[in-house]
Amino acid sequence: MPFKRYVEIGRVALVNYGKDYGKLVVIVDVIDQNRALVDAPDMVRGQMNFKRLTLTDIKIDIKRVPNKKTLVAALEAADVKNKWESSSWGRKLIVQKKRASLKDFDRFKIMLAKIKKAGVVRQELSKLKKETTC
Amino acid sequence: MSYKYHQFQVVGRGLPTETDEQPKIYRMKLWATNEVRAKSKFWYYLRKLKKVKKSNGQMLAINEIFEKNPTTIKNYGIWLRYQSRTGYHNMYKEYRDTTLNGGIEQMYTEMASRHRVRHHCIQVIKTATIPAKLCKRESTKQFHNSKIKFPLVFKKVRPPTRKLKTTYKASRPNLFV
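Protein chains in written order, with UniProt numbering: chain A, 1 to 134; chain B, 1 to 177.
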């Protein structure tokens, strides 16, 4: 199985540990075998260990260590935010976040919606059952 | 990023006497974990260079030196003198890091692991930021590539916080990216 996601300048990664957990960052340069210089529009450029990063499929086109303006422009041009939020991985994370932030009233509304959906499904199923048996 | 070793600028001189009204002032840049240790190290080195001790000298200033550009990667060359089990040796080591304090910390941990040399047996002679052309070690030169690209071969998934860590797990981990 060859590797598909490489550590390279412009690779977008997700932080999976630490203070910036859940953020999308761009690898802007490689310090050494274990660390990269990462940057994101809302943080100061800093170093991060690869153990804290999970590489994504998204890669943007930047030169080594761009300044903040160029980086933000490149992120806009590649439309990273929308690509991420429409990818299955990104959507899953959004759903997880939503579920974690539900209040009791939201959970009640979800319960009603689930019951309704199950009712509709069961009606259709019983209709199909009637057609096949009779 | 909290560093163990901080860089200090320590300035001191011998106390003025009748024969010497204006003794020469000496300044040193050194690494220590805190200011107290830095002052002590200053007198240690100064004793070896001039005929002055802490008891007949005075500390004039001690300031911490911070990294000017902690967001750029630099190649640091560190010249050091260390004591091994058989004698004193000089060494030159190179490190890639964003700050000099980080490079020095890497040096201390590497000397401890590779040569079993403890912190108090190491004297830093000189440090310099080396431009990429003049780096000597292959292990730093291999990262001087603007189109660097490598896969992360071994990926162990960790719980995102220490709290979610468990001693036992039901299944073996999947180490492929």
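The set of hints was computed from the structure by calculation and includes no laboratory data. One thing to keep in mind: the hints can contain errors.
As the list claims (entries may be wrong) - 27 Å max Cα-Cα, derived DSS-like pairs, lysine-lysine:
| id | chain 1 | residue 1 | chain 2 | residue 2 |
| --- | --- | --- | --- | --- |
| 1 | A | LYS83 | B | LYS156 |
| 2 | B | LYS156 | A | LYS19 |
| 3 | A | LYS63 | A | LYS23 |
| 4 | B | LYS169 | A | LYS59 |
| 5 | A | LYS92 | B | LYS147 |
| 6 | B | LYS147 | A | LYS69 |
| 7 | B | LYS68 | B | LYS133 |
| 8 | A | LYS19 | B | LYS155 |
| 9 | B | LYS133 | A | LYS109 |
| 10 | A | LYS19 | B | LYS169 |
| 11 | B | LYS136 | A | LYS63 |
| 12 | A | LYS97 | B | LYS48 |
| 13 | B | LYS147 | A | LYS81 |
| 14 | A | LYS98 | A | LYS68 |
| 15 | B | LYS93 | B | LYS141 |
| 16 | A | LYS129 | A | LYS109 |
| 17 | A | LYS69 | A | LYS83 |
| 18 | A | LYS4 | B | LYS149 |
| 19 | B | LYS136 | A | LYS4 |
| 20 | B | LYS141 | A | LYS23 |
| 21 | A | LYS51 | B | LYS141 |
| 22 | A | LYS98 | B | LYS163 |
| 23 | A | LYS83 | B | LYS68 |
| 24 | B | LYS165 | A | LYS23 |
| 25 | A | LYS4 | B | LYS155 |
| 26 | B | LYS126 | A | LYS51 |
| 27 | B | LYS93 | A | LYS59 |
| 28 | B | LYS163 | A | LYS97 |
| 29 | B | LYS93 | B | LYS126 |
| 30 | B | LYS136 | B | LYS126 |
| 31 | A | LYS92 | B | LYS141 |
| 32 | B | LYS4 | A | LYS92 |
| 33 | A | LYS109 | A | LYS130 |
| 34 | B | LYS149 | A | LYS109 |
| 35 | A | LYS63 | B | LYS163 |
| 36 | A | LYS19 | B | LYS93 |
| 37 | B | LYS51 | B | LYS68 |
| 38 | B | LYS136 | A | LYS97 |
| 39 | A | LYS69 | B | LYS163 |
| 40 | B | LYS126 | A | LYS59 |
| said: For a C-alpha distance cap of 27 Å, please report whether LYS98/A and LYS163/B respect it. | reply: holds (22 Å)
| query | Are the Cα positions of LYS92/A and LYS147/B separated by 27 Å at most? | reply | violated (32 Å)
**Report entry** 27 Å limit on alpha-carbon distance, applied to hinted pair LYS136/B and LYS126/B
**Finding:** holds (16 Å)
Quiz prompt | Holds or violated: LYS19/A to LYS93/B, with C-alpha atoms at most 27 Å apart | solution = Between LYS19/A and LYS93/B the Cα gap is close to 32 Å, so the pair fails against 27 Å, i.e. violated.
LYS51/B and LYS68/B were given as a pair; does the straight-line alpha-carbon distance stay at or below 27 Å? Violated, because 35 Å separates the two Cα atoms, which is more than 27 Å.
Would the hint linking LYS98/A and LYS68/A be met if the CA-CA limit is 27 Å? Violated, at about 30 Å.
Does LYS97/A lie within 27 Å of LYS163/B when you go C-alpha to C-alpha?
holds (19 Å)
ask   = For the pair supplied as a hint, LYS126/B and LYS59/A, is the alpha-carbon distance within the 27 Å limit?
value = violated (40 Å)
inquiry  = Would the hint linking LYS51/A and LYS141/B be met if the CA-CA limit is 27 Å?
reply    = holds (23 Å)
message: Hinted pair, alpha-carbon criterion (27 Å max): LYS165/B, LYS23/A. Please report holds or violated.
response: The hint holds at about 21 Å.
Quiz item: Has the given pair, LYS4/B with LYS92/A, been kept, meaning a C-alpha gap of at most 27 Å?
Solution: violated (39 Å)
- Within 27 Å, alpha carbon to alpha carbon, are LYS83/A and LYS68/B? With a Cα-Cα distance of about 36 Å, the restraint between LYS83/A and LYS68/B is violated, given a limit of 27 Å.
Violated hints for the displayed structure, listed by number in ascending order: 4, 5, 9, 12, 14, 16, 19, 20, 23, 26, 27, 31, 32, 33, 34, 35, 36, 37, 38, 39, 40.
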